[in-house]
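Going down the list, the sequences are from chains E and S.
Counting in this note's numbering, the first sequence runs from -14 upward without gaps.
Counting in this note's numbering, the second sequence runs from 9 upward without gaps.
Heads up, none of these hints are tricks.
Here are the simulated lysine-lysine pairs, BS3-like style, with alpha carbons at most 30 Å apart:
id: 1; chain 1: E; residue 1: Lys54; chain 2: S; residue 2: Lys49
id: 2; chain 1: S; residue 1: Lys49; chain 2: E; residue 2: Lys90
id: 3; chain 1: E; residue 1: Lys54; chain 2: E; residue 2: Lys85
Ranges of calculated distance between the beta carbons of each label pair, as one might list FRET restraints:
id: 4; chain 1: S; residue 1: Leu82; chain 2: E; residue 2: Glu1; range: 43 to 53 Å
id: 5; chain 1: E; residue 1: Ser13; chain 2: S; residue 2: Pro117; range: 26 to 36 Å
id: 6; chain 1: S; residue 1: Glu71; chain 2: E; residue 2: Arg78; range: 30 to 40 Å
id: 7; chain 1: S; residue 1: Pro16; chain 2: E; residue 2: Asn39; range: 39 to 49 Å
id: 8; chain 1: E; residue 1: Glu30; chain 2: S; residue 2: Leu76; range: 22 to 32 Å
It should be emphasised that the hints constitute simulated quantities derived from the structure, not laboratory data.
Because the structure is a prediction, the values reported are computed rather than measured.
The beta-carbon is built from N, C-alpha and C at its ideal position, and this holds for glycine as well.
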Amino acid sequence: DAKTTQPNSMESNEEEPVHLPCNHSTISGTDYIHWYRQLPSQGPEYVIHGLTSNVNNRMASLAIAEDRKSSTLILHRATLRDAAVYYCILRDREKGSNYKLTFGKGTLLTVNP
Amino acid sequence: GAVVSQHPSRVICKSGTSVKIECRSLDFQATTMFWYRQFPKQSLMLMATSNEGSKATYEQGVEKDKFLINHASLTLSTLTVTSAHPEDSSFYICSAGRGGSYNEQFFGPGTRLTVL
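Chain E with its partners taken away, still in its complex shape (with noise of 0.2 Å):
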């Protein structure tokens, strides 16, 4: 699998907009972009995905480049919930959800009060 890379860290203060980077510059023409996030002391839970297009859904937006080198998590206004690990993942499409994912190291985002 392709490989990703996010800042390591990301600061953010409660209801402003957080833009999570992610670099995937490897990027195949099958791979989805995943996001992930952990919060503390729990299992990851999924995000959202896309392909080519920009993607909405209630939990955050995912942005993606025109070339697909990058891509982009907005969390439209920050939570003190919402301070988690988030995780860029790329999978290739043709093998599903039963095909195991490759955790890198993501991006602590802390959310001030």
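Given chain E's structure and the hints, the job is docking chain S onto it.
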């Protein structure tokens, strides 16, 4: 979303004993489950892929005789840490995918193992 549970959530055992951790998919069938280990302030490391009705596939460097995996039904996979030692103390997390048109994996809440 689908629910994956783990039991126990926390276990403390003496060195040399064996510990079994259960991972259940509560509202879907999972032909494949995954076991991860996470040390403090580190990322998740995949240990093995658990396949229902067949042998697990272990990642390089993971001792299959020490970390026994059984996936006897479509809703249950177990990880047994045999002859546990303090260095096995870690956060163990399982996950499962629903397959089909679903893209995401669902993770259990994790099991904190402390070996004294």
